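Using the sequences plus the hints, can you model the full thing?
Chains as they are written, first to last, in the numbering used here: chain Y, 1 to 319; chain G, 1 to 320.
Heads up, some of the hints might be wrong.
Heads up, simulated EDC-like pairs for lysine to aspartate or glutamate below, C-alpha to C-alpha not over 20 Å straight-line [unchecked claim]:
| hint | chain 1 | residue 1 | chain 2 | residue 2 |
| --- | --- | --- | --- | --- |
| 1 | Y | Lys153 | Y | Glu41 |
| 2 | Y | Lys153 | Y | Glu188 |
| 3 | Y | Lys279 | Y | Asp289 |
| 4 | G | Lys165 | Y | Asp21 |
| 5 | Y | Lys153 | Y | Asp21 |
| 6 | G | Lys165 | Y | Asp44 |
To list a few chain Y residues with every Cβ distance to chain G over 12 Å, as calculated [to be verified]:
| hint | residue |
| --- | --- |
| 7 | Glu16 |
| 8 | Arg46 |
| 9 | Thr67 |
| 10 | Glu194 |
| 11 | Glu265 |
| 12 | Ala271 |
| 13 | Ala277 |
| 14 | Ala301 |
Rough simulated footprint, nothing fancy, chain G against chain Y, three-plus residues with beta-carbon under 8 Å [stated by the list, open to error]:
| hint | segment |
| --- | --- |
| 15 | 29-37 |
| 16 | 47-53 |
| 17 | 79-93 |
| 18 | 101-113 |
Source of the hints: derived by calculation from the structure; they are not laboratory data.
None of the values given here were measured: they were computed from a predicted structure.
All residues carry an ideal CB built from backbone N, CA and C; glycine is no exception.
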Amino acid sequence: MPTINVSQAIGEALAEEMRRDSRVVMFGEGVATKRRDLVQEFGDQRIRNTPLAEGIIAGTAAGAAATGLRPVIDLLFAPFICFSMEELINSAGKLRYISGGQFSFPLVTIAMTGCGWTVGAQHNHNNEAWFVHSPGIKVVMPSTAADFKGLLKAAIRDDNPVMFFIDMPLSYAVGEVPAGDHVTPIGEAAIRREGTDVTLVSYAKMVHTCIAAAETLGAAGISAEVLDLRSLKPFDEAAVLASVRKTGRVVVVHEASRTCGVGAEIAATVADKAFDALKGRVLRVTGPDAPAPSSYALEQAFIPQAGRIVEAARSLVGR
Amino acid sequence: MADSLNERSPRSLLECMMLIRAFEEKNAELQAAGKAPGTCTSVGQEASAVGVVRALEARDLILTNHRSAGHLLARGADPGRMMAEIAGKRTGYCKGKSGTLHISASDLGVILTSTIVGGSLSLATGVGLSLSMQGGGAIVACFFGDGAACEGIFHESLNLAAVWKLPVLYVCENNQWQAFVHRRETMLTDRLSTRAQAYGMEGQSVDGNDVEAVFGAASRAIARIRETSQPFLLETYTYRLRGHFEPDDQSYVDPVELATWKAKDPIQTARTRLLEQRAVTEGDVDAMQARVQQRIDQAVAFAVDSPYPSAEEVATDVYA
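Okay, structure coming up:
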């Protein structure tokens with residue numbers, strides 16, 4: 001299996017889907033500048049630069065999606081989506097319902113977020129939960145190069161608006177990526193490490209931190225299972241519940257702020273549907289309710305570190 | 001049928017305006033009687049809707065907003081299904097899920113109706129992009145008000161449409177009111193079409209209360225779009241004769257200004273002109289009014305007799 005980085009995996013997914021389906025177009029701030037290979041192969045009608053105007057980028061995508069195209073838009077950094085909320089939430093997310101099902105919105109919005117590049121709160125905001133809470137929208141946030149490719153291909157083929165978040169420090173992470181038509185279905189979690197004592201549920205960059213924590217726990221004789229959600233909406237409820245039923249203990253980990261984060265929904269679902277299997281409290285290890293800092297030292301304090309995850313897991317297991 | 005898409009005779013335009021007026025006044029009457037939800041009417045703006053919509057071809061698309069009754073009816077929408085939608089009934093154009101504010105009828109090419117002020121502007125470029133890439137020569141007419149022209153998305157939309165050469169007819173129905181605020185409090189631009197030049201597109205303002213003038217201006221604008229592959233900004237200068245929504249006592253409206261515009265009522269204007277030209281007789285107009293009234297009565301009966309959606313439909317149509 002070829003080993004490539006996340007940026008290349010995204011490029012492969014885009015090229016393969018554009019080759020497969022002439023309705024796929026891509027536009028955004030600098031996409032034609034950065035992806036010359038795609039412009040060369042597919043022409044400047046299908047790969048377009050746009051003005052720095054996130055509202056009209058998203059609105060154009062919504063209008064085009066409803067009338068026969070399948071746009072992929074790049075809004076660069078997740079906080080910039082604030083300028084696109086009207087178009088993504090009120091148009092792409094609601095006009096299918098409002099119209100009684102007359103329209104569909106096959107569009108993918110790509111944005112980067114996450115601590116690690118010290119870019120600060122106006123370029124880094126893990127706002128994925130906003131979209132999880134908004135009707136009519138799907139949300140994915142991959143952790144491996146293979147899933148960046150597979151989930152982007154699935155998102156492009158989906159007939160609904162999909163938010164595709166790139167955890168920034170993963171942008172050049174390398175991994176084995178199947179060549180050719182590798183599709184990761186939206187809504188399916190992956191078990192990254194099997195275990196029997198505690199389940200660590202996370203997504204994006206935090207999956208790797210959970211794996212590191214699981215290794216530390218293993219050395220202490222605690223067997224941790226690491227579950228990578230991959231899709232946040234819909235999330236793989238069956239996989240989460242199956243793992244929690246097996247281990248009886250769960251720690252939910254994400255970098256996004258704690259209050260009403262994705263972890264709150266996971267915790268509530270576990271409490272609701274697997275209460276009888278629980279041997280302890282449901283714990284969350286998350287970023288604080290604060291804007292993302294830019295100082296390296298503060299960023300590291302913001303990010304859930306493996307040590308905190310180990311501590312939480314040990315408090316549940318009792319050793 | 002008098003309001004079919006290809007009917008462009010002056011008397012057909014008049015009858016269509018009469019239908020819109022009767023439809024909206026009936027809704028207001030039902031609301032006042034506590035029998036229907038409130039609506040945002042376009043009373044006074046009928047010439048703008050009919051003049052532009054009737055200048056379009058069947059292949060063209062329309063984006064509208066919360067004041068949509070004129071655009072829909074001019075396009076040939078069934079008043080019964082519209083009234084059913086307003087009443088939240090299963091037989092409405094959107095299965096009762098839109099209500100009055102955002103009625104789409106995709107089989108008529110009236111798509112993606114958004115009640116967010118400026119919503120149609122943000123979607124128009126995407127629809128224009130699809131049409132442009134399909135290459136069939138169709139255009140999209142995007143209706144919005146002077147209020148939306150104050151939104152940032154107005155700038156973003158016109159700019160991108162011009163840069164990408166998208167076939168969009170921007171129709172600013174300048175009705176002088178932005179919800180409860182008069183236009184003079186929000187902008188110094190006297191004629192909004194002058195903004196077109198800043199984006200590198202053509203623009204024109206037209207008397208929005210003269211249906212034949214609107215029809216002529218829209219026809220020329222549409223021809224220019226098809227010919228040049230450039231968007232066009234058409235301003236129809238008109239007036240919202242009723243309130244922002246029903247009920248609204250318009251206590252904030254200057255009575256002198258209101259009276260001035262009532263004297264320029266687009267339906268009276270067209271009717272007087274056609275009578276003077278002997279294009280119609282009083283008898284013809286009476287017959288039109290009778291036909292309109294019959295259609296409205298049928299529409300009300302249809303809406304009243306229609307069922308509500310079932311509770312199971314509350315969370316359907318969310319995802320494709």
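Verification of the hints:
This hinted pair checks out: Lys153 of chain Y and Glu41 of chain Y have alpha carbons roughly 18 Å apart, not beyond 20 Å. The straight-line distance between the Cα atoms of Lys153 of chain Y and Glu188 of chain Y is roughly 14 Å, inside the 20 Å bound, and the hint therefore holds. For the hint linking Lys279 of chain Y to Asp289 of chain Y, the alpha-carbon distance of about 28 Å lies beyond 20 Å, and the restraint is violated. Proximity of Lys165 of chain G to Asp21 of chain Y is assessed by CA-CA distance (about 24 Å); at most 20 Å being required, the pair is judged violated.
Distance restraint check for Lys153 of chain Y and Asp21 of chain Y: the Cα-Cα separation of roughly 11 Å lies within the 20 Å cut-off, and the hinted pair is therefore satisfied. Straight-line distance between C-alpha atoms of Lys165 of chain G and Asp44 of chain Y comes to about 14 Å, which keeps the hinted pair within the 20 Å bound. Chain G leaves Glu16 of chain Y outside its interface by the beta-carbon criterion, the shortest separation being 20 Å against a cut-off of 12 Å. With a least CB separation of 8 Å from chain G, Arg46 of chain Y falls inside the 12 Å interface cut-off, contrary to its annotation.
Distance check on Thr67 of chain Y: its Cβ comes as close as 4 Å (rounded) to a Cβ of chain G, failing to clear the 12 Å threshold; non-interface status is violated. Distance check for Glu194 of chain Y against chain G: the nearest CB is about 32 Å away, which clears 12 Å, and the non-interface claim stands. Taking the minimum C-beta to C-beta distance to chain G, about 17 Å, the non-interface status of Glu265 of chain Y holds against the 12 Å cut. Remark: the non-interface label on Ala271 of chain Y is consistent with the geometry, its nearest Cβ contact in chain G lying 23 Å away (cut-off 12 Å).
A cut-off of 12 Å between C-beta atoms confirms that Ala277 of chain Y is not in contact with chain G; the least separation is 29 Å. For Ala301 of chain Y, the non-interface assignment is confirmed: its Cβ lies about 37 Å from the closest Cβ of chain G, beyond the 12 Å cut-off. Proximity of the segment 29-37 of chain Y to chain G, defined as three or more residues with a beta carbon under 8 Å from a beta carbon of that chain, is not established by the 0 residues found. By the rule of at least three residues with a Cβ nearer than 8 Å to a Cβ of chain G, the coverage given for the segment 47-53 of chain Y holds, with 4 such residues.
Counting residues of the segment 79-93 of chain Y whose C-beta lies closer than 8 Å to any C-beta of chain G gives 4; at least three are required, and the coverage claim holds. With 6 residues having a Cβ less than 8 Å from any Cβ of chain G, the segment 101-113 of chain Y passes the three-residue criterion, so the hint holds.
Of the numbered hints given earlier, the model fails hints 3, 4, 8, 9 and 15; all others are met.
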